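Undergrad: What follows is the residue order along each chain.
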Amino acid sequence: MERERILKIRDLRISFKTDAGTVQAIRGVDFDLYQGETIAIVGESGSGKSVTTKAIMGILASNGQIDSGSIEYVWHDENTGERQERDIVKMSKDDIQKIIRGRKIAMVFQDPMTSLNPTMTIGKQIMEPMMYHYGKTKEEAYARAIELLQEVGITDAQKRMKNYPHQLSGGMRQRVVIAIALSCDPYVLICDEPTTALDVTIQAKILELIKELQVKKNISVIYITHDLGVVAKVADYVNVMYAGKIVEKGTIDDIFYDPRHPYTWGLLSSMPDLDTDDDELYTIPGSPPNLAHEVTGDAFAPRNQFALNIDLRVDPPMFDVPGSDSHQVASWLMHEKAPKVDMPESLKKRILKMKKEGLKNE
Amino acid sequence: MDDIEFLEDDFEFVGDKQDINKDVVLPAKSFIKDVWTRFKANKGALIGAILILIIIIMAIVAPMLSQYTYNMQDTAQQSMSPRVPLLENLGILNGKSGISQYTGQFANTYHLFGTDHLGRDLWVRVWEGTRISLYVAAFAVIIDIFIGMVYGLISGFFGGVVDNIMQRIQEIVNSIPTLVILTLLLLVMKPSIYTIIIALMITGWIGMARITRAQVLRIKEQEFILASRTLGASDFFIIFKAILPNIFGQLITMSMFSIPNAIFYEAFLAFVGLGIPAPQASLGTLINDGFKTILVTPYMVVIPVIVLAILMLSFNLMADGLRDAIDPTMKEM
Amino acid sequence: MDKSTLKYIGKRLLISVVTLLVIILVLFAMLKMMPGSPFNPEKLSPDMIAQLQAKYGLDKPVLEQFVTYLKGMLTGDFGISLSIAKNIPVMDLVGPRIGISFGIGIAAALFGALIGVVLGVTAALKRNTIWDSLSTIIAVIGVSIPSFVFALLLLLVFGLKIKIFPILFNINDPIRSSILPTIALSVGAIANVARFTRSEMIEVMKSDYILLAEAKGLDRGTLIRKHALRNTLVPVITVLAPIIINLMTGSMVIEQICSIPGLGSLLVRGIQANDYYVVMAVAFLYSLLYVVMMLVVDVLYGIIDPRIRVGKGD
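Going line by line, the protein sequences match chains A, B and C.
Letter by letter, the first sequence follows residues 196 to 557 of this note's numbering.
Letter by letter, the second sequence follows residues 715 to 1047 of this note's numbering.
Letter by letter, the third sequence follows residues 37 to 350 of this note's numbering.
The set of hints was computed from the structure by calculation and includes no laboratory data.
Please note that the accuracy of each hint is not assured.
Covered stretches of chain A (in silico footprint by chain B; criterion: 3 or more residues with CB under 8 Å from a CB of chain B, positions within the stretch not fixed) [what the hints assert, rightly or not]:
| # | region |
| --- | --- |
| 1 | 501 to 514 |
| 2 | 527 to 540 |
To be clear about the criterion: a stretch of chain C counts as covered by chain A if any three or more of its residues have a C-beta under 8 Å from a C-beta of chain A, and this derived list gives those stretches [as the list claims (entries may be wrong)]:
| # | region |
| --- | --- |
| 3 | 235 to 249 |
| 4 | 257 to 263 |
Please read these numbers as outputs of a predicted model, since none were measured by experiment.
Where a beta carbon is used, it is the ideal one built from N, C-alpha and C, also for glycine.
Generate the whole structure from the sequences, applying the supplied hints.
TA: And the structure:
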């Protein structure tokens, strides 16, 4: 089956005006999203993953600004089936709000305790976007909302419609947030750390729910997370972000079994693992750069034990990993002239183990 | 990639030439220094603080340096309007609009704020009046800190039945308007600064007690308190060493906010004629006296009103600034 | 209404009743401790004093006196004026004034709340613009400058210089002559409400649920109307307490300045003339008003914002 590209982001650059000066939060991001697939954007906090998704939603904070690049949406009109292509960087705020946000793309936020309006019933909050965007009547919206609640696994839907958010548990609230997100049949769903605020026992259930709904509705999902455990469970493709750039991208197997960027090595090594042989938990040395200052060369170089002289001077381009059409790495180590560097031994062992156990059934 | 010119050593490791373990950390600043930086950045707060300082100095120094006293009457110098050296040459504040004129033996007299209907120098009286306001302000802070803080600390720290009873008492006292307590006090006591201070004592501590208790409850739950408990620290030690320093900033802010309120009550009572008795002056009584002849000699009202307004505004601005500086996340109360 | 709501209301009601009882007890105790006797001992013989005491029930046991007093207070029998209007029941003095004072007070509260909310919301939505600064300045000045100063200013400008509104209260033209005092009285309320609304609105606009509402694709108008405004206004009713106190103190001054025959001016006269039945009656009415308003606010808040009852407790 032909993969259909529904979101295409090219050379996205975003800056924020702050008291401390202009912060270059996103410094040239490219990626694509295909129908029905899941990508994960992984990185430390401040790496720009949330800013990227907010830009995709068109809800950047008022001091943020897209300096260049494009965010193209492709969809088929629900009535005529005609193919539509729009670059939201060029669209007006009003058009994004009317055409894109809520209808084409929806978002599930990190903390379900605070992301629901405390003074509005669950029912109203689910019905609202349907009535707003599609002009559904109250009765239609109500019927659909009940259906949605059942789809996200909430029993007693009728009763829950009248509840206020504080009467529900965290897991239930996140299900409601998912129901709201799905209410206008978007084809892209952004999940911003959807499980970090939840109990461990509920985390897996929510992830499974999202996956199940994704298959059923054939939607694409973008996960933003710092948790590689989540990534391993849900994603088809992974983008590793560092300091406003994607430093390595590839399929989940590429990233987990054949990581090439020293930063990805660091991330994988620092993943907590219950039955690891190592005594110490690996952490990446140093701290992320302050993007209010101009970065010369590779932003990761100061923390990179394998830094090359050129890293301090020139920002590395994306290199294709030989023998793979999906795997790309932004590191001078991939250059033909670069000395050959192997990943740390302990990580090798870890990867071997992961291969044996398989990624998805942890 | 073709346009990049590679240098010879480009593909050699940087290796030991850089320390990858270096954490780029912002230079740590002490809490006080941090507060001061933020406070300084707030123009309004800084202006407020400077104005308060000027007013305090004036209230102390002006009556001492003047040849007049607050109760020196001179019928020959009744209701003279303000006359200020230098400014008089510009045609303003030249003392010509008053009832008595600066002529004859008073040709070289200067009443900077004029005189009242009994010929008393208003410059001295206004600053004397400001003293009263400042006394009240000082007492407000002391009351806040001593009664309110102690009450809140005890209530929050010991919890349980103690807390329950103390909270109910607080609720009841809080349900009686300050005004009612004031008026009732005025029935039993003569109007004076002490009446006002006692009234403040009865009601002024509640806001502070509430905040202190809330803070104590919050901090009590934090792990470092549990840690010191498990290490065998006594209650007393915990209150003074662990809890107090942590809530100190907010308490200062809170007590700063009670100052304008206290000043207001004094001026208000004086204005309705229930303030300190003559011949003493407070800003409120001066405004009240001046109000009677507002059409003839408006300066008698305008000057104390301006001083009062500046005083309250400055304290408000400073309190706002302090709150933002001490705890940028604290919400407006 | 569920059980927790009822329990919450019951608890608040109980506290209000206890508070009122405490207030009456304090009033009664003060009456007992009052320096001097209401009857001038120099002019009256001991016999006559005893007679008068019997007449006012002052010779009975204290508890019985208190019960009588309590009954009197609750039925509007506040005793007899001692000096302002000799031998006239205090209720007759107080009664006609209640309407005037409350009329102006309610008008000022509504006007102040409306303007305050508009100012606060504008400031929050147009943050860091000239509108924000303007509204913040108005709020700070309003909080800082006592209402009597405003009353003086308004009277000077609109009563004396421009002469649009009468300076003194005119019972035959109550509406027109109430406008200036109402505005002067509302300044404090405007400032309080504006300050609070601004900070509350800013918090709300930063909240996750507004982000979620934005992600739903609502336009800004709907977002503010349906999601932000309600969540902002619910906590704003908590500033009602300082506003009422503001209005009470303000009314004492403004009624004095504008010669409005209201409760505030009566209270001032009562204190000056040491007419303590009058003072106590007004003090009691003020307390009653305050206690009832607080009760209403808390109950309303509990009903409107369901989070109050759960989690936060009270």
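Undergrad: Could you run down the list of hints and mark each one as holding or not?
TA: Right, here's what the structure says about each hint:
{"no.": "1", "hint": "501 to 514", "verdict": "holds (count 10)"}
{"no.": "2", "hint": "527 to 540", "verdict": "holds (count 5)"}
{"no.": "3", "hint": "235 to 249", "verdict": "holds (count 6)"}
{"no.": "4", "hint": "257 to 263", "verdict": "holds (count 3)"}
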